[in-house]
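Student: Each chain, written out:
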Amino acid sequence: MESVIETPRGGFSFELCKRNEALRHAGIKFPNPVKTGTTIAGIVFKDGVILGADTRATEGTVVADKNCAKIHYIAKNIYCCGAGTAADTEYTTEIISSDLELHRLSTGRKPRIATACRLLKQYLYRYQGEIGAYLVLGGVDSTGPHLFTIHAHGSTDKLPYVSMGSGSLAAMAVFEDGFRPNMELEDAKKLVRNAVAGGIFNDLGSGSNIDICVITTEGVDYIRPYDEANIKGVRVGDYTYPRGATAVLETTVRKFEVTSETVKTVESMES
Amino acid sequence: RKMAATTATDGYYQFNGPPFSIIDPRINGQISTSPLTHTLRPMVTGSSVLGLTFEGGVILAADTLGSYGSLARFRSISRLYKINDSTVAAGSGDYADFQYIEKLFEYMNIESDCLCDGHVYTPQSMHSWLTRVMYNRRTKINPLWNTVIIGGYHEEKPFLGSVNSLGVAFQAPTLATGFGSYIAQPLLRDAYEKNQNMNEAEGKELLEKCLRILYYRDGRSWNKYELAVITGSGIEITGPHKLEGNWEVASYVSGYD
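Top to bottom, those sequences are chains F and P.
Reading the first sequence from the start, the letters are residues 3 to 273 in my numbering.
Reading the second sequence from the start, the letters are residues 75 to 331 in my numbering.
So that you can see chain P by itself, here it is in the shape it has in the complex:
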């Protein structure tokens, strides 16, 4: 019996452009006006996503804002997605594309459940699979406008990897996307260098500190955020938590010369 050709790949939504005849000058007799274009620019976007490896697991953090350009349009969205009991994906960039990626993971899980053979996807395999999807889309000049961080814990080893719209994928003990790469990553790296084996509380405190500084300095960030803690005991997505700012220095600022 042949299985239906609905494998959990990017083939779910076929982006068929106009028929080739429109742009083929030999058929039409004249050169077309402009080449085929796909993704132009992101619409609703999520800012930074942070990831940190600690003793016994991984923590991912992301604020709950979906920006519409400079408008803080959707102030309570979740940018963290639980793939399975050992893996979480967090997305920055275009939110519609991230929702599509969530759907892909969902269909992949359904398909896997249907096979009913006890096989579980590992965080590494999820990261690798997503890399293939993102790279293939970029090769078709129709990228998924995201940088996704995948965090997981499998066979007592933590996993933290990143993939972006160019298909660039890598793993590191600390990760940050977007503005976070400039502001949070230096802080995460420094703290990780000082203490490779942080405990969960220290890890959460570090991420909260980074998110607060991002709220001060990133013009597209928000002070409500979610955390995903992935350990051997499973996944715990908590939130939304609120950040309070410290404006003590405001009294020291007066005038500009």
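Next up, chain F with everything else stripped away, as it sits in the complex:
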């Protein structure tokens, strides 16, 4: 007996893309995906890695979230900054975090950053760039501190200092000026802060505060916010008028007595 079983094909189903094109042609307005605009950055310093990010999420030209968290948890010793489509970075990092935890239970070892990198790039490559996740992955494992960038199409780079997002050029300019190998903790924190600040103040897609995450062999220091660079101004004016601001010329008191109360149901005008 032959049964035609449709084995599930892996990868992205592009069927709906045709439908979307047709809808676009018909003039249907599509909602803008929430993008993170973003300046994210990372460096390797003497004791480990430091990741930094701004906190603005944009929906087109509107700021959708003034204080979103772009540094995602992957494992106790591995964190990942995400730029691009907000949902994609959030879910991709969550999925890989889950996979990595299962893997950790299976191996009984502390997870390695290279593993997370492989999982992420193999996942993103499968979707041919349609999952718009641009990541800065960093952490410390048994082989030392490691820092990667991962692009939506699945390419990776392994470097001592990296930046991604619309503010990446401003951040990279700061890194090219100030990065030295084996920096001290406080200098490294300041450098990452300055890089993200460069993006916040010179790129319109980035803004608000600076979050950083310091990962060393001792543990993780997730500092959110590290620098509240854009505090909303305190309202100064008081618009309540004091009694007597308007002169009272005459006072008349009229008492209204309730004589009767009735309840009446009213039919709506439409039949």
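By construction, these hints were calculated from the structure, which means they are not laboratory data.
Backbone N, C-alpha and C fix where the C-beta goes; we use that ideal spot for every residue, glycine too.
Do not take every clue at face value.
To spell it out: a stretch of chain F is covered by chain P in this simulated footprint if at least three of its residues, at any positions, have a beta carbon under 8 Å from a beta carbon of chain P; those stretches are [stated by the list, open to error]:
(1) 93-102
(2) 166-180
(3) 257-266
Quick list of in silico lysine to any residue cross-link-like pairs, SDA-like style, CA-CA up to 25 Å [stated by the list, open to error]:
(4) Lys48/F - Gly319/P
(5) Lys192/F - Tyr195/P
(6) Lys160/F - Ser328/P
(7) Lys192/F - Tyr266/P
(8) Lys192/F - Tyr326/P
(9) Lys283/P - Glu186/F
(10) Lys192/F - Met272/P
(11) Lys268/P - Pro247/P
(12) Lys48/F - Ala324/P
(13) Lys298/P - Asp179/F
(14) Lys192/F - Arg263/P
(15) Lys192/F - Lys268/P
(16) Lys192/F - Glu282/P
(17) Lys283/P - Pro183/F
(18) Lys112/F - Tyr330/P
(19) Lys192/F - Lys298/P
(20) Lys48/F - Glu322/P
Here are a few chain P residues that sit away from chain F, every Cβ distance over 12 Å (derived from the structure) [claimed, not checked]:
(21) Leu145
(22) Arg147
(23) Lys214
(24) Leu240
(25) Ile311
Based on these hints, arrange chain P on the given structure of chain F.
Tutor: Relative to chain F, chain P alone:
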């Protein structure tokens, strides 16, 4: 006596297109194939230009490369032009258009010299005039494909202004064009905020730093550059200077996963 109609405006080179009859359907009886087109795309281009105001003057910087697409074709050209003793123009974008702008300034100076009345054009007036030229060209859908920075020092006040092919003009204490807006401007702004009154040496050092980082990160930049320092004592165009890169981090890069 009537003066010859050769005023230093954009009227020097009349871009007369084909006669209107070709495209007028009423004359020809049929609709033309395509509208009139002029400037299509830049050919030989200059990358970023930087400008910075310091205590006592202005410094402009530009590398000496004329790119032909991705080919580093002309590696020793000057993108800085001295207009008069108080003003310098620096151009990025199409180099032929910048040479044309240089010619316009030259003819303007000759005309002014002929009048021989001791009048000197101020940096502000040069910037304003160039803005009118660029805006008019854009309105005729035949732009000069440049972003020009004009730096000057007049009556003990520094001047730094930018004009682009759209006719957008503005002034700021720090300026950068092209890739420089993304990479150098954040660094220039930060340094200027920390110290509004840099001295000449500090200013030169800052611009050199920015040009070096541009050489690292801009795929159409070069490591030879010129500087124009404009102060009360006049204009000093120096160069070409050479930039050395620091590749110490190269040893830390191995593989990609």
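Student: So, for every hint listed, does it hold in this structure?
Tutor: Quick rundown of the hints versus the structure:
no.	hint	verdict
1	93-102	violated (count 0)
2	166-180	holds (count 7)
3	257-266	violated (count 0)
4	Lys48/F - Gly319/P	holds (23 Å)
5	Lys192/F - Tyr195/P	violated (46 Å)
6	Lys160/F - Ser328/P	holds (7 Å)
7	Lys192/F - Tyr266/P	holds (19 Å)
8	Lys192/F - Tyr326/P	holds (22 Å)
9	Lys283/P - Glu186/F	holds (23 Å)
10	Lys192/F - Met272/P	holds (23 Å)
11	Lys268/P - Pro247/P	holds (13 Å)
12	Lys48/F - Ala324/P	holds (17 Å)
13	Lys298/P - Asp179/F	holds (19 Å)
14	Lys192/F - Arg263/P	holds (18 Å)
15	Lys192/F - Lys268/P	holds (16 Å)
16	Lys192/F - Glu282/P	holds (23 Å)
17	Lys283/P - Pro183/F	holds (19 Å)
18	Lys112/F - Tyr330/P	holds (21 Å)
19	Lys192/F - Lys298/P	violated (32 Å)
20	Lys48/F - Glu322/P	holds (16 Å)
21	Leu145	holds (24 Å)
22	Arg147	holds (25 Å)
23	Lys214	holds (31 Å)
24	Leu240	holds (19 Å)
25	Ile311	holds (26 Å)
Hint check: violations occur at hints 1, 3, 5, 19; the rest are consistent with the structure.
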